[in-house]
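Asks: Full structure from sequences and hints, please.
Those protein sequences? They're chains A and B, same order as listed.
Its first residue numbered 1, the first sequence is counted upward by one per residue in my numbering.
Its first residue numbered 1, the second sequence is counted upward by one per residue in my numbering.
One or more hints might be untrue.
[Claimed, not checked] For each label pair, taking beta carbons as the anchor points, the in silico distance ranges come out as:
hint, chain 1, residue 1, chain 2, residue 2, range
1, B, 115, A, 7, 48 to 54 Å
2, B, 651, A, 28, 28 to 34 Å
3, B, 248, A, 48, 52 to 58 Å
4, B, 248, A, 51, 57 to 63 Å
5, B, 769, A, 7, 47 to 53 Å
6, A, 2, B, 256, 52 to 58 Å
7, A, 28, B, 129, 20 to 26 Å
8, B, 188, A, 17, 19 to 25 Å
9, A, 48, B, 188, 39 to 45 Å
10, A, 51, B, 353, 56 to 62 Å
11, A, 48, B, 344, 52 to 58 Å
[Claimed, not checked] Computed footprint of chain B on chain A; a stretch qualifies when at least three of its residues, placed anywhere within it, have a C-beta under 8 Å from a C-beta of chain B:
hint, segment
12, 7-13
13, 21-34
These aren't lab readings, by the way, just hints derived from the structure by calculation.
Built from N, CA and C at the ideal position, the CB exists for glycine as well.
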Amino acid sequence: MNIMYLLIPIAIVFSGLAIWGFFWSVNTGQYDDLESPAHSILYDDDEHLIPDDAKPKPLKPQDKTE
Amino acid sequence: MNAQQEPGNNDQGCFHCGLDIPLHSNFITLIKGKAQRMCCPGCQAVAQAISDGGLENYYKHRTGETRSPEFTDLSIPEQLLAELALYDQASIQKAFVSESEDGIKQAALVIEGITCAACVWLLEHHISNLPGVTKASVNLTNHRAQLSWNNDEIQLSSILTSIYRIGYQGHPYHPDKEEQMLASETRKATRRLGIAGVFCMQVMMLAMALYAGKMQGIEDHLVNFIRWASFVLATPVVIYSARPFFSAAIRDIKTGHLTMDVPVSLAVGGAYLASIWATVTASGEVYYDSVTMFTFFLLIGRFLEMKARHRTGRAGNSLLNLLPASATLLKDGEELMVPATDLNIGDRILVKPGHTVPADGIILTGQSSIDESALTGEYLPVSKASGDSIVGGTCNVENPLQIEITQVGAATQLSAIVRLLERAHEDKPKAAQIADKLAGYFVAAVLLTALVVGITWWFIAPEHAFWITLSVLVVTCPCALSLATPTALTVATGTLRQNGLLITRGHVLESLAKATHIVFDKTGTLTEGNLSLKSVIPLGQSSYEQTLAIACALEAHSEHPIAKPFHTQAKLMEPVQASEITNHVGLGLEGQVNGLRYLIGKPAFASQHCSTTLSYDDAPDNHGQWLLLASDSEPVAWIGLSDAPRKQAKSTLNLLTRMGLQVEMLTGDSSAAVGHIAEELGIKNVISGVSPEQKLEHIQSLQANGARVIMVGDGINDIPVLAGAQTSIAMGSATDLAKTNADAVLISGELQRLPQALQLARKNQKIIRQNLGWAIFYNMIALPLAATGMIAPYMAAIGMSASSLVVVGNALRLSKLARTNRVESPDQSRKITTP
Numbered sequence: 001m002n003i004m005y006l007l008i009p010i011a012i013v014f015s016g017l018a019i020w021g022f023f024w025s026v027n028t029g030q031y032d033d034l035e036s037p038a039h040s041i042l043y044d045d046d047e048h049l050i051p052d053d054a055k056p057k058p059l060k061p062q063d064k065t066e
Numbered sequence: 001m002n003a004q005q006e007p008g009n010n011d012q013g014c015f016h017c018g019l020d021i022p023l024h025s026n027f028i029t030l031i032k033g034k035a036q037r038m039c040c041p042g043c044q045a046v047a048q049a050i051s052d053g054g055l056e057n058y059y060k061h062r063t064g065e066t067r068s069p070e071f072t073d074l075s076i077p078e079q080l081l082a083e084l085a086l087y088d089q090a091s092i093q094k095a096f097v098s099e100s101e102d103g104i105k106q107a108a109l110v111i112e113g114i115t116c117a118a119c120v121w122l123l124e125h126h127i128s129n130l131p132g133v134t135k136a137s138v139n140l141t142n143h144r145a146q147l148s149w150n151n152d153e154i155q156l157s158s159i160l161t162s163i164y165r166i167g168y169q170g171h172p173y174h175p176d177k178e179e180q181m182l183a184s185e186t187r188k189a190t191r192r193l194g195i196a197g198v199f200c201m202q203v204m205m206l207a208m209a210l211y212a213g214k215m216q217g218i219e220d221h222l223v224n225f226i227r228w229a230s231f232v233l234a235t236p237v238v239i240y241s242a243r244p245f246f247s248a249a250i251r252d253i254k255t256g257h258l259t260m261d262v263p264v265s266l267a268v269g270g271a272y273l274a275s276i277w278a279t280v281t282a283s284g285e286v287y288y289d290s291v292t293m294f295t296f297f298l299l300i301g302r303f304l305e306m307k308a309r310h311r312t313g314r315a316g317n318s319l320l321n322l323l324p325a326s327a328t329l330l331k332d333g334e335e336l337m338v339p340a341t342d343l344n345i346g347d348r349i350l351v352k353p354g355h356t357v358p359a360d361g362i363i364l365t366g367q368s369s370i371d372e373s374a375l376t377g378e379y380l381p382v383s384k385a386s387g388d389s390i391v392g393g394t395c396n397v398e399n400p401l402q403i404e405i406t407q408v409g410a411a412t413q414l415s416a417i418v419r420l421l422e423r424a425h426e427d428k429p430k431a432a433q434i435a436d437k438l439a440g441y442f443v444a445a446v447l448l449t450a451l452v453v454g455i456t457w458w459f460i461a462p463e464h465a466f467w468i469t470l471s472v473l474v475v476t477c478p479c480a481l482s483l484a485t486p487t488a489l490t491v492a493t494g495t496l497r498q499n500g501l502l503i504t505r506g507h508v509l510e511s512l513a514k515a516t517h518i519v520f521d522k523t524g525t526l527t528e529g530n531l532s533l534k535s536v537i538p539l540g541q542s543s544y545e546q547t548l549a550i551a552c553a554l555e556a557h558s559e560h561p562i563a564k565p566f567h568t569q570a571k572l573m574e575p576v577q578a579s580e581i582t583n584h585v586g587l588g589l590e591g592q593v594n595g596l597r598y599l600i601g602k603p604a605f606a607s608q609h610c611s612t613t614l615s616y617d618d619a620p621d622n623h624g625q626w627l628l629l630a631s632d633s634e635p636v637a638w639i640g641l642s643d644a645p646r647k648q649a650k651s652t653l654n655l656l657t658r659m660g661l662q663v664e665m666l667t668g669d670s671s672a673a674v675g676h677i678a679e680e681l682g683i684k685n686v687i688s689g690v691s692p693e694q695k696l697e698h699i700q701s702l703q704a705n706g707a708r709v710i711m712v713g714d715g716i717n718d719i720p721v722l723a724g725a726q727t728s729i730a731m732g733s734a735t736d737l738a739k740t741n742a743d744a745v746l747i748s749g750e751l752q753r754l755p756q757a758l759q760l761a762r763k764n765q766k767i768i769r770q771n772l773g774w775a776i777f778y779n780m781i782a783l784p785l786a787a788t789g790m791i792a793p794y795m796a797a798i799g800m801s802a803s804s805l806v807v808v809g810n811a812l813r814l815s816k817l818a819r820t821n822r823v824e825s826p827d828q829s830r831k832i833t834t835p
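Replies: Listed below in structure tokens is the structure:
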């Protein structure tokens, strides 16, 4: 059971590190805007990164639903 | 070109802003190789700029509405360019720009026109693509942009211009004290919440070990060690996270009225100190888990409330935006562009048509109409000539004016209204006190019981007295008082927000439920706030369409608010051209249409060449605004304009009356239209022609007689009275300043949300009472057990959680609105068809 004497302080140190990281992120303004980052991941501005053969084929003109 | 026109579809409206596309227009932009129709050259230019930048994905991502750009020309007006160029001057930049050694400048901007996250994406990409810009990030919550750029490669004015080009407006942003305070408050609250969250979980984990150990057996030295570890973890929560409760409790005790902060602090502080005692002496019980969990839950509630409060909190800059950044100074016969802040009393300035007056002054030469809507909420401009005084922040409509400045800065009328507002805030009845009353009694009862229990046990068994008193406080406090009200309030606030009523102050739900009077402003609140064509009554042989076409042709080039409904109408009809148009200020317009001479405007003016001169007495009726259209020989038609009441105004007022409220209308307007609208909407109590001060006095006298008043308004002149009423609601279209100072904002401008909100507020009161009732019931059982020393910590924990679940579950019932009056289908009126 003596391992507890080691594990609990380690847990406390880890919590301390987590809090330090959290303070750092708050102070650098990462929590100032809680809305737009959630959306930004959905914006595909990475089209140039997709290999050409993996891109969906463009619709033929007669398939256009107008 | 033919192939490009094919996808255009009139039913869909403008691809960029969604407005109706005028019948005979052909504005097309290629977006991703596909031709899309636009409603005006402005939208076309903006869409082109977005497309040229390769940012078409904006149209795919956007979820909010896009506004039609401010300028309707392909190019940005020179005046604006000159104004923006002012921001390149070092003397002006020193107020908001910081520069690092390597020539990189940094500034914050306020961006207008942001509606959704796609706007942020568009702006960030568009600005970062400019050569010389090193960083651009836009905040969706407060519409601020952080820029850094290399001054050798790009000037601030060109960045601002390029923001205009994609349909937004950027202004330099000077953070004032209040803004900085809000920002640091948010960060502090986030840090407090984070600390409480992380450590609460750690402490809970250790507490589990203690509970399990109690049942299964655990070595004493380990118990002590875990207690010490819990102490280390819980200390930051109590000292840092829970500090707002302690300082609020000290303030409450000083001012002598009890709020929930007092027992919360007593429980947190007492349990924490007791746990330390238990840890040091290795006796009794520890409550570290209760302390941290309790603090964490309470902080979540406060955090959400604070977020809602800050949402509209942009007070500092809204006033700044109203006053123009630059002015044209007349010095030795020359026109100089200067920053508005550099103006002095006695300076002569030139205000061109379409510009905002930079400071209070007296007109020296010129005659024009002044749009005072920002100040008074009235949409019709006031005619002014030399010798008349003019207020800063209002807008010149027709002709250039020379003005001598009489007041600048804090002495201007606009600032005077803000001061009136501050005074009204001080006089505001403290609704929060009412909210705390019930809780106050409860708190007193709990404290008294704890005291009695403590004293009793002191005589029976002094060694148990402290522990038992504490368990009484811990057992009764959390769910009984602290969860019952906030959960209900949080759920109800969220429900209302989804339905278009944004609540920004904590007391609103309570005061809505208890309101006895509801007072409306007229223009822009009960009415739409702009003129629309009501009727056309031809007098001669001309048909309805012919007369309307002539009127539209004459009004086509006027920027006067009266001309606006004609512009809308003109887009739906075959265009007719007018020539030789002359504008007679304050009277009307004159021009040639189809070779005939026509006049439109005030009856006496328009009929001056006719055989009989007509006046307003000859108009078909005496409400609304009547214009006479006449040729040079005979009157042609009466054209009626009016500010129509909002669609649901009447049914809403009926419903409010049936709910037992006194409905009143309070307006600065003194024209006949007031009586007409009151009659149409069935309002009996009408007070018209009053100044902002008199409005405030009226509300205060109502309140002095015991009334609880809800005020609904929109203009800057409504702000003092909004601040003075127990509950104030601003319309979504209101000025920013009005919105920030209101307790709630009706985002969609749909009046029928008000009775719904009232119903929900009343239901909310009922549920809070049920919750408190349950809490009392729970305490009736738990308290005697705790008082007799029969409750073990884990039993108290289970009891507490179960009781909390009941309270929260009950509060969740508020997440549904009563679906009684949701009938009106979406706006149909925008598609006016010619008969």
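Asks: Look at each hint and say if it fits the structure.
Replies: Status of each hint after checking the structure:
{"no.": "1", "hint": "B/115 to A/7: 48 to 54 Å", "result": "holds (51 Å)"}
{"no.": "2", "hint": "B/651 to A/28: 28 to 34 Å", "result": "violated (51 Å)"}
{"no.": "3", "hint": "B/248 to A/48: 52 to 58 Å", "result": "holds (55 Å)"}
{"no.": "4", "hint": "B/248 to A/51: 57 to 63 Å", "result": "holds (60 Å)"}
{"no.": "5", "hint": "B/769 to A/7: 47 to 53 Å", "result": "holds (48 Å)"}
{"no.": "6", "hint": "A/2 to B/256: 52 to 58 Å", "result": "holds (54 Å)"}
{"no.": "7", "hint": "A/28 to B/129: 20 to 26 Å", "result": "holds (25 Å)"}
{"no.": "8", "hint": "B/188 to A/17: 19 to 25 Å", "result": "holds (21 Å)"}
{"no.": "9", "hint": "A/48 to B/188: 39 to 45 Å", "result": "holds (42 Å)"}
{"no.": "10", "hint": "A/51 to B/353: 56 to 62 Å", "result": "holds (57 Å)"}
{"no.": "11", "hint": "A/48 to B/344: 52 to 58 Å", "result": "holds (56 Å)"}
{"no.": "12", "hint": "7-13", "result": "holds (count 4)"}
{"no.": "13", "hint": "21-34", "result": "holds (count 8)"}
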